[in-house]
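Number of protein chains: 2
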Amino acid sequence: MELKYQDGLIPAIIQDHRSGKVLMLGYMNQEAYQQTLKTGYVTFFSRSRQKLWVKGETSGHRLHVHEIRVDCDQDALLIQADLRGPGVCHLGYKSCFFRKLTGKGEEIILEREFDPAKVYGRGPQENQT
Amino acid sequence: MELKYQDGLIPAIIQDHRSGKVLMLGYMNQEAYQQTLKTGYVTFFSRSRQKLWVKGETSGHRLHVHEIRVDCDQDALLIQADLRGPGVCHLGYKSCFFRKLTGKGEEIILEREFDPAKVYGRGPQENQT
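Protein chains in written order, with the working numbering: chain A, 5 to 133; chain B, 5 to 133.
These are calculated hints, taken from the structure and not from any lab test. Be a bit skeptical, because a hint or two may be false.
Here are the simulated DMTMM-like pairs of lysine to aspartate or glutamate, each with C-alpha atoms no more than 25 Å apart in a straight line [said to hold, decoys possible]:
hint, chain 1, residue 1, chain 2, residue 2
1, A, Lys-55, A, Asp-79
2, B, Lys-108, A, Glu-6
3, A, Lys-108, B, Glu-115
4, A, Lys-42, B, Glu-110
5, A, Lys-25, B, Asp-77
6, B, Lys-8, B, Asp-79
7, A, Lys-122, A, Asp-20
8, A, Lys-8, B, Asp-79
9, B, Lys-108, A, Glu-71
10, A, Lys-104, B, Asp-20
11, A, Lys-42, A, Glu-71
12, A, Lys-122, A, Glu-61
13, B, Lys-25, A, Glu-117
14, B, Lys-104, A, Glu-115
15, B, Lys-25, B, Glu-115
16, A, Lys-25, A, Glu-115
17, B, Lys-108, B, Glu-61
18, B, Lys-25, A, Asp-86
19, A, Lys-108, B, Glu-71
20, B, Lys-55, A, Asp-86
21, B, Lys-122, B, Glu-61
22, A, Lys-55, B, Asp-11
23, B, Lys-25, B, Asp-77
24, A, Lys-55, B, Asp-79
25, B, Lys-8, A, Glu-111
26, B, Lys-122, B, Asp-20
27, B, Lys-8, A, Asp-11
28, A, Lys-104, B, Asp-11
Stretch-level coverage of chain A by chain B, calculated; a stretch enters the list once three of its residues show a Cβ under 8 Å from a Cβ in chain B [as the list claims (entries may be wrong)]:
hint, stretch
29, 73 to 79
30, 86 to 96
31, 101 to 107
Restraint-style ranges between C-beta atoms, simulated for each label pair [to be verified]:
hint, chain 1, residue 1, chain 2, residue 2, range
32, B, Asp-86, A, Lys-55, 33 to 43 Å
33, B, Pro-90, A, Glu-35, 31 to 41 Å
34, B, Thr-106, A, Glu-35, 35 to 45 Å
Here a beta-carbon is modelled for each residue, glycine too, at the ideal position from N, C-alpha and C.
The task is simple: from the sequences and hints, build the whole structure.
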């Protein structure tokens, strides 16, 4: 099947295949997609760093691919994955979607699963993996 | 909270809030997001038609917003929604992610929920709502 990349990228929703929780949204270029297929671990293309990004390469919290689904327009992926670690978010949460928007602002709806400073060794910053 | 739009758009993952199934990925501009908040029904910005797109305006299969979550980078939304109808996909499936990719190609993993020709009146085509 031919996937439709836009500006060289296709969005990939990552869903925990056991709990059904949506963990994050990342982007793949063709190389990242092929590497994901080959290795069985989710690899993105980092838009900020402009390079391949094996999710969990620093933290060890990798995403093992269980199943890859594609949408009707072939321009989005849904990857069912096993999370090998406590969380995917560089701020210490299981899911990057740890806040809900309310009429008054935002509310944190998840508990922290790990201390980012210990996992990444330099405190929470952007672009951690 | 300030959302980060890229080229004026932010991706919005739609998840059935009861079953946890991921239904589709769409895109919102600021106006679509505001209209979603105001009406309580998911409104996208159609990239192909370049206009606001109330999901389900033709089919009647609307998405009622239950909760809106935002990711750590504030550049993606996860909307928990109630689907008011049999499916979101213009090809007749509950979810647009009705195929999985296999080593040999693809496999349809969902049953058709409705006949697109009856719902849309002109057979399955792109850009139906």
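Structure-based check of each hint:
1. Lys-55/A <-> Asp-79/A: OK: Lys-55/A and Asp-79/A at ~21 Å, within 25 Å.
2. Lys-108/B <-> Glu-6/A: Judged against 25 Å, a Cα distance of about 13 Å means the pair holds.
3. Lys-108/A <-> Glu-115/B: Violated, because 41 Å separates the two Cα atoms, which is more than 25 Å.
4. Lys-42/A <-> Glu-110/B: holds (17 Å)
5. Lys-25/A <-> Asp-77/B: holds (18 Å)
6. Lys-8/B <-> Asp-79/B: With Cα atoms ~5 Å apart, Lys-8/B and Asp-79/B stay inside 25 Å; holds.
7. Lys-122/A <-> Asp-20/A: Since the Cα atoms of Lys-122/A and Asp-20/A sit roughly 24 Å apart, the hinted pair holds (cutoff 25 Å).
8. Lys-8/A <-> Asp-79/B: This hinted pair holds, its Cα atoms lying about 21 Å apart.
9. Lys-108/B <-> Glu-71/A: holds (14 Å)
10. Lys-104/A <-> Asp-20/B: holds (16 Å)
11. Lys-42/A <-> Glu-71/A: Roughly 13 Å between the alpha carbons, so the hint for Lys-42/A and Glu-71/A holds.
12. Lys-122/A <-> Glu-61/A: holds (15 Å)
13. Lys-25/B <-> Glu-117/A: The given pair, whose Cα atoms are some 24 Å apart, holds under the 25 Å limit.
14. Lys-104/B <-> Glu-115/A: Measuring from Cα to Cα gives roughly 32 Å; hence the hint is violated.
15. Lys-25/B <-> Glu-115/B: holds (14 Å)
16. Lys-25/A <-> Glu-115/A: holds (14 Å)
17. Lys-108/B <-> Glu-61/B: violated (37 Å)
18. Lys-25/B <-> Asp-86/A: holds (16 Å)
19. Lys-108/A <-> Glu-71/B: The hint holds at about 14 Å.
20. Lys-55/B <-> Asp-86/A: violated (38 Å)
21. Lys-122/B <-> Glu-61/B: holds (15 Å)
22. Lys-55/A <-> Asp-11/B: Distance ~21 Å between Lys-55/A and Asp-11/B Cα, so the pair holds.
23. Lys-25/B <-> Asp-77/B: OK: Lys-25/B and Asp-77/B at ~23 Å, within 25 Å.
24. Lys-55/A <-> Asp-79/B: holds (19 Å)
25. Lys-8/B <-> Glu-111/A: holds (18 Å)
26. Lys-122/B <-> Asp-20/B: Holds: Lys-122/B and Asp-20/B sit about 24 Å apart, inside 25 Å.
27. Lys-8/B <-> Asp-11/A: Roughly 18 Å separates the two Cα atoms, so the pair holds.
28. Lys-104/A <-> Asp-11/B: holds (24 Å)
29. 73 to 79: holds (count 5)
30. 86 to 96: holds (count 3)
31. 101 to 107: holds (count 5)
32. Asp-86/B <-> Lys-55/A: 33 to 43 Å: Given a distance of about 40 Å, which is inside 33 to 43 Å, the answer is holds.
33. Pro-90/B <-> Glu-35/A: 31 to 41 Å: holds (38 Å)
34. Thr-106/B <-> Glu-35/A: 35 to 45 Å: violated (21 Å)
Against the hints set out earlier in the document, violations occur for numbers 3, 14, 17, 20, 34.
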